[in-house]
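J.: These are the residues of each chain, in order.
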Amino acid sequence: MQIYLPIAEMSVNVFLLLGLGGGVGFLSGLFGVGGGFLMTPLLFFIGIPSPVAVATEANQIVASSVSGVLAHFRRGNVDVKMGTVLLIGGVLGSTFGVWLFTYLKDLGQIDLVIKLSYVVFLSIIGALMLVESVRAMQKRKKAVKSKAHYHNWLHGLPFKMRFRKSRLYISAILPVAIGFFVGLLAAIMGVGGGFVMVPAMIYLLGMPTSVVVGTSLFQIIFVTANVTILQAVNNQTVDVVLALVLMIGGVIGAQFGAKFGSRMHGEHLRGLLALIVLGVCAKLTYDLVSVPADVFSLGGSVGH
Amino acid sequence: MYSRWVAAWGIDMKHRTPFLLFIVALLMVAQPRPSLASEITVDLSDPIVKITAGFSGTDLLIFGVAPGEGDVVIVVRGPNRSEVVRKKEQIAGVWVNRRQMVLENVPSVYMMASNRALEDFLPGGVAYIHQIGVENIQMNPTKEYADVEDWEEFRHALIRNKEKQNLYKWKPGNLVFQGNRLFRTKIHFPANLTVGTFGIDTYLIKKGEMVAFETTLLNVRKFGLEAEVYNFAHRHSFAYGVLAILVAGLAGWLANAAFRKA
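Protein chains in written order, with our numbering: chain S, 1 to 304; chain U, 1001 to 1262.
To be clear, the hints were calculated from the coordinates, so they are not data collected in a lab.
A virtual CB, placed ideally from N, CA and C, is assigned to each residue, including glycine.
None of the hints are false.
Residues of chain U placed beyond 12 Å of chain S at every Cβ, according to the derived structure: (1) G1068; (2) D1147; (3) G1199.
According to the in silico footprint, chain U covers these stretches of chain S (three or more CB under 8 Å from chain U): (4) 7-14; (5) 64-77; (6) 106-113; (7) 226-232; (8) 235-242; (9) 291-299.
Isolated chain S, as found in the complex (with noise of 0.2 Å):
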C-alpha cells in the first residue's frame, strides 16, 4: 500500500515505513538509544531528500524522548535545572544549526555536510563502542572502578552553579557549551544527539549516571521542538505524515526492543550496535566516494 508524502512529494510503501521505524524503534528499544543516527540515513536510503529526512526526523524524536522522558521523570532521574542550562546553549545551537542548514541548502551543499556529518561521528562512536564492548567481553567479571568527576581546569571557570540533583557545583559555560555543540548536531543531522550529550554528561560534567538518560532526554525534546518549527518556517521540510507513521512503528518496535534486550548481555548488545552504525556508516562513505551515475544531479526549481 503506497502513502504520499505531502512535504516529501513523493510515494512510498506504508509498510517500508512501518517496517523502517518498527526496526529502529526495536534497536533503540533493545539499545537504549535514540534512533535517530540511524533512522536519518536509512531515509536517505529509501530516497527521501536529506533535507525533509533531516526536519522530519527531528520532529519524530519530540515523539519517542517525551516518551523516555516520562518514565524517567516517575523515577525522578532528571536533572530539571541542569537539563535547563544544556537546553540554553542547545537553543542557541541548533538555531545557529538550522540558518546554516539553510545557507549550505542555498549552496547546494547540505547533502554533503549531512553525509559527511554522519560518516565522521557514526565512525568515532561505532568504532568507541566496537572497542569497548570487546573489552568488555574479554573482563566481564572484572569491575570498573571510575571516579564520580575529578578536577581540572574545567572547574575554574567563573558563573558557578549549583546542581543538586547532579551533586554537582560547576561552571554554567560548560554545560551550555555542549547543549551548544549537540544542538547544532541535531539541527544539521536531525539527531537528537543522546549518543554525544551522554558520554559528554559522565565524562565533562562528572554527572551521576543514573539521572545522565533522563536529562539528556529532557533537553532533547525542547532542542528537536526548535529544530521541528525551524525547519518548518526557514526550509518547510517537516512531513508530518512521514514523522507519524515513524512514529507508529517506532513506539511499537521500542516496546518489543525493551524486552528483548533484557534478555541480552550488554557487552554483547553493544558490540552489535557498533557493527550497525559502522554498516551504516560504510554504506554512507561508499556513496561518497564512489564514481556517481550520473555527476549532474538536479537542485530543484528556484523562484516559484
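Following the hints, put chain U in place on chain S, whose structure we already have.
T.: Just chain U now, kept in the frame of chain S:
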C-alpha cells in the same frame, strides 16, 4: 472602379497601398484560416489529476478525432520553471557539487505520444518551431549563467535526469488510430508529479506540415488531507511547526501511557 471609390472617400491615391493592406488584413481576419479549416477534437479521461493520500501515479487517457488524415503528435507539458543543475567533481576522494547552472523555461513534465516515429513524418523545422521533442525544448541559461560555454552539457544532463525521474517520456507508437480519424493514447504520470496547469498540445501533421492544432488544459492538484498539509506547511509554517510538535508530544505521551498499563 476602385480608384473612384477611393476618391469618393477622399483618400489620396498616394496612400493607396496601406489602405489596401488594411482591407486584406480585414478579409483575413474575417475568413477562417484555410490550412486550419477544421479543428482537432480532443478530450481527456479526467480533466483533473488528483494527488491524494494514496496517490502512486496515474494513467491519463487522451483521445480525439482528427479533422483529416495525417499523423498525430501529442505533447503534455507541465508548468515552466527554472531548474538548478549541479555538477559533481571529485575532491580528496569525495564527490562534491562544484558547478551549477540555472536553466529557465524548463517544463516540469514533458511527455509525448505519436502514432509512429517522429523522424518518419515530422520535418525538423516544424518540430523546432513547436518545440516537439525534448531536444527542441527551448530552455536557456538565466542571465547570470549566460556566458557559460558548456551550458549545453547541463541541458543534456537536465533532460537525462528528468527522464530518469520518469517526468520526461516519449515512445513512438504509443498513440493508436482506430479507423483513420479516431485516435487515443494513454500517458502515465508518476507519483513525483508537480502540481499546476498542464498544457496538452495535439498536432496533426500532413505531408510535413502542421495542418491542425489544439490545446487542452489539464489540472494537477493535491486534494484532501495532502493538499491541506502542504498548504498549511507553506502558508502558516510557524503554526505548522507548533502543531507538528504538539502531535509528536501527544503521540509520545500516549505511547508511554498505553505501554505502562500493559
